[in-house]
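So the sequence lines, in the order shown, correspond to chains Y and X. 120 is the number that our numbering gives to position 120 of the first sequence; each next residue is one higher, with no gaps. 166 is the number that our numbering gives to position 166 of the second sequence; each next residue is one higher, with no gaps.
Lysine-lysine pairs mimicking BS3-like chemistry, simulated, CA-CA at most 27 angstroms apart: (1) Y/K289 / X/K20; (2) X/K85 / Y/K384; (3) X/K139 / Y/K289; (4) X/K20 / Y/K384; (5) Y/K289 / X/K85; (6) Y/K384 / Y/K289; (7) X/K140 / Y/K289; (8) X/K80 / Y/K289; (9) Y/K384 / X/K11.
One side of the interface only, derived from the structure: several residues of chain Y facing chain X at Cβ under 7 angstroms: (10) N9; (11) E291; (12) A297.
Worth flagging that the hints you see were computed from the coordinates, not collected in a lab. Cβ coordinates follow ideal geometry from the N, Cα and C atoms, glycine included.
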Amino acid sequence: MALRNLLRNPRRTLAVILTVAIGTGSLFIYHGFNTGILRQYRENIIHARYGHGQINTKGYRDHIFEKPWEHWISDYRTLESQLSVLPEVKHIFPRVEFFGLMSNGRINVSGKGQGVKGELEAKFFNQLNIIEGKNLDQTPDGILLGKGLAHALNVHAGDRVTVISNTVHGSMNAGDFTVSGVFHTGVKEFDDVYFRIQIEQAHQLLDTQKIESIAIGLKSFEAWGDFQKIIENKFPNLEATAFAVLDKVNYQHSVDWLNSQFAVTQLIILAIVILGIFNTISISILERKQEIGNLRANGESLSEVMVLLGTEGLALGICGAVLGIMGALAFNSLFLEKGILMPPAPGITKQEYVLIQFQPLMAGLVFVLGTFCVVLGTVCASYKIIRMPIAEALRSV
Amino acid sequence: MRFLYEIENLKFSYQLGFQKVEALRGVSLKIPHSSFVGLCGPSGSGKTTLLSLLGLIENIQDGSILYNGKSIRELSEENKNELRKYDLGFVFQTFNLSPVLRAEENVEYFLFRQGVPVKERRDRVRLALEQVGLWEHRKKKPLEMSGGQRQRVAIARALAKNPKVIIADEPTASLDQKTGREIMEIFKKLCRYHDVSILLSTHDPMAQSYADHIFDLSDGEILGERKKEIVHDSPDFLDSFFEVVGG
Numbered sequence: 001m002a003l004r005n006l007l008r009n010p011r012r013t014l015a016v017i018l019t020v021a022i023g024t025g026s027l028f029i030y031h032g033f034n035t036g037i038l039r040q041y042r043e044n045i046i047h048a049r050y051g052h053g054q055i056n057t058k059g060y061r062d063h064i065f066e067k068p069w070e071h072w073i074s075d076y077r078t079l080e081s082q083l084s085v086l087p088e089v090k091h092i093f094p095r096v097e098f099f100g101l102m103s104n105g106r107i108n109v110s111g112k113g114q115g116v117k118g119e120l121e122a123k124f125f126n127q128l129n130i131i132e133g134k135n136l137d138q139t140p141d142g143i144l145l146g147k148g149l150a151h152a153l154n155v156h157a158g159d160r161v162t163v164i165s166n167t168v169h170g171s172m173n174a175g176d177f178t179v180s181g182v183f184h185t186g187v188k189e190f191d192d193v194y195f196r197i198q199i200e201q202a203h204q205l206l207d208t209q210k211i212e213s214i215a216i217g218l219k220s221f222e223a224w225g226d227f228q229k230i231i232e233n234k235f236p237n238l239e240a241t242a243f244a245v246l247d248k249v250n251y252q253h254s255v256d257w258l259n260s261q262f263a264v265t266q267l268i269i270l271a272i273v274i275l276g277i278f279n280t281i282s283i284s285i286l287e288r289k290q291e292i293g294n295l296r297a298n299g300e301s302l303s304e305v306m307v308l309l310g311t312e313g314l315a316l317g318i319c320g321a322v323l324g325i326m327g328a329l330a331f332n333s334l335f336l337e338k339g340i341l342m343p344p345a346p347g348i349t350k351q352e353y354v355l356i357q358f359q360p361l362m363a364g365l366v367f368v369l370g371t372f373c374v375v376l377g378t379v380c381a382s383y384k385i386i387r388m389p390i391a392e393a394l395r396s397v
Numbered sequence: 001m002r003f004l005y006e007i008e009n010l011k012f013s014y015q016l017g018f019q020k021v022e023a024l025r026g027v028s029l030k031i032p033h034s035s036f037v038g039l040c041g042p043s044g045s046g047k048t049t050l051l052s053l054l055g056l057i058e059n060i061q062d063g064s065i066l067y068n069g070k071s072i073r074e075l076s077e078e079n080k081n082e083l084r085k086y087d088l089g090f091v092f093q094t095f096n097l098s099p100v101l102r103a104e105e106n107v108e109y110f111l112f113r114q115g116v117p118v119k120e121r122r123d124r125v126r127l128a129l130e131q132v133g134l135w136e137h138r139k140k141k142p143l144e145m146s147g148g149q150r151q152r153v154a155i156a157r158a159l160a161k162n163p164k165v166i167i168a169d170e171p172t173a174s175l176d177q178k179t180g181r182e183i184m185e186i187f188k189k190l191c192r193y194h195d196v197s198i199l200l201s202t203h204d205p206m207a208q209s210y211a212d213h214i215f216d217l218s219d220g221e222i223l224g225e226r227k228k229e230i231v232h233d234s235p236d237f238l239d240s241f242f243e244v245v246g247g
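Only chain Y is shown next, with the shape it has when bound in the complex (with noise of 0.2 angstroms):
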C-alpha cells in the first residue's frame, strides 16, 4: 500500500524525491569537492619538494651536527638497489644539501644547494614552477636557481655562475655552472636561497660520495606506511619520515585547517538539507491529514499509520537518496569531467583542476543520512498529526 501510495502520487513523490536526491548529492558532490582538493594538494606537495617522504640516518634530523656530513648515507648505490626492489618503491631520489657561495664575477651571493638526480626529478618533481629557462635535466653543469637568487646575482638561463664551497675535509672548492633555468615556488624564504646542481657536480665540489637524504615516490600515497615498516625494519640505521611530517607547517596545518572548514560548511550544508527534506515531508504530510483520519476512522492504530507513513518515508528516501547519489556521479561525469580550475593552493604557484573524489564510504554516509532524515520526518509530521482526534482530521482540507 505504501509502494502503491507513492505510485499513484506522482506530484508529492516526485518533491520529496528531489529534495532528498539535491540535498544528498549536494552533501556527497560537497565532500568528493573537498576530498579532490585535499588529494590534489596533497600530490602537489608530493610531487614539489619532498615526495612520499625522505629516508636519513636514524636521528638525523633531530640534531644539529657540526660536521653533518659524518651522518649522512654512505653507499648509497648500494642502498638505492636494495630500496629499487621493494614493491611499494617507484622513484628514488639522492639528494645532498650544502651551503655555498655563488657568483657572478661582479656578485657574490650565498645560497644552499641541492645536489640531485637532475633528469629524475625533473619528471617526478613536475610542480616546481620553471618560470625562465628549463629544468635541471641532463645538463651535467646545468644549475637551477630560485627566483629571489637569480635576481639578487642577476642572471638568467644560459649565464654563467661559480659556485664555491666547503669540502668535506674543510677545504675550499669551486665550479662552474650554466643557469639552466629559475623556479619560482611562491615560498620567499625557499626561492631567495635555493639552487639545485646535478648530484655528481655536489659530489665532486663537497669530494664526497655520501648522501644527506633519499627522497622516495612511491607507486601510492597510502603505500608509505608499509614502506615506513619495512624500511624501520630491515635498515635499523635509517629512519623513513612521510612528507606531511618533513613540511608540517606548509602542508599539514593548511590540511588541518582546510579540513576544520570544510567540516563547518558541511555541517551548514547538512542542516539546510535536513531543514529541507524536513519541511518538504511535513508539507507531504499536513497535505494528507484527511487521508491520515479516514484510515484511523476505518480502524487503523497509530502504530499501523505511522509503519505505512514510515515505509513511505523509507522507500522515498532510499530512492531520493539513490537518486542524488547517481545524479552527482552523473553531473560529474557530464560537466566536471576535467575538474573544477581553481587558484594555486597554499605552497603552489600554479592553478590547478581540482578533480570530485568520490568516496565509496561517503556514498553509503549520505545513503544512510538522506534515508534516515526522511524517515525522521515522517515520523516527527506525523507524530502529531496521527494523534489528532480523527473527527478533527476528517474535517481537515
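Since the structure of chain Y is already known, use the hints to place chain X on it.
The following block gives chain X in isolation, referenced to the frame of chain Y:
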C-alpha cells in the same frame, strides 16, 4: 430489549477561537438494532458531533454511550480500533476517498487491512461495486468521477467491510436529488434486508423520508423523535453480496 446504542446525557463542547461551543447539551437516546436512524436539524445543531461520538472518532467528554451494551468509555484504544475496523462503516459528505487509488482499490483497501484473503477480497469488491452500480467504473480514480459516483464508491467501501453500522454524515449534501435518492435507496435496502443499522445526519427532507427513526436536534439538544412503520418490500439486489460476505 437490547439496543445497538444507548446514549445517556451526552455533552460535548469544543473551542472555536476564544469561544466555547457547546455542541451537545445532554443528549439521551436509544437506537435499536437494524434501524435506519436519521439525525435531523439545521447546521450547528450537533448532528455531526453526535455521529462522530457514535462512530468512535471523537472522544466522549461527558455522559455515556453503550454500544451493544458495552460502555465506549471503558473500551481500550485497541478495542475501539477493532470496532471501527470491523463493525463500523463511514460515509462522509466529502466522500474521503483516497484520490490516488482507483475505485476498486479504495473499496479493497480496508479489506486488505482487515486481512481478508485475496480471492474473497476481490469477490467482495466486485459485488460491492456492482451493488452501487459502479463495476464498469472500477478503474477510475475519484477525480475522474462525478459526485454521485464518488459517494457510491464511499458506500461500496463501507458496504464491502460488511459492517454492523453505517454512519453517514450528510451523504446526500453534495449530490443532486436524483442521485441522492439512489444513494438513500441503497441505504434503505441495506437496512431492511441485511440488518445493517444506518445512522445518518441530514437536513435534506428527501433523505429524512427514508429513515425509520428520526431524532430532531437543535442547539445540541434532542427536540423530539419521530418513528415510521417499517414496510418490508421486495428483498433483491443486495442478497448476492451478503451471501458472499456471510451476512
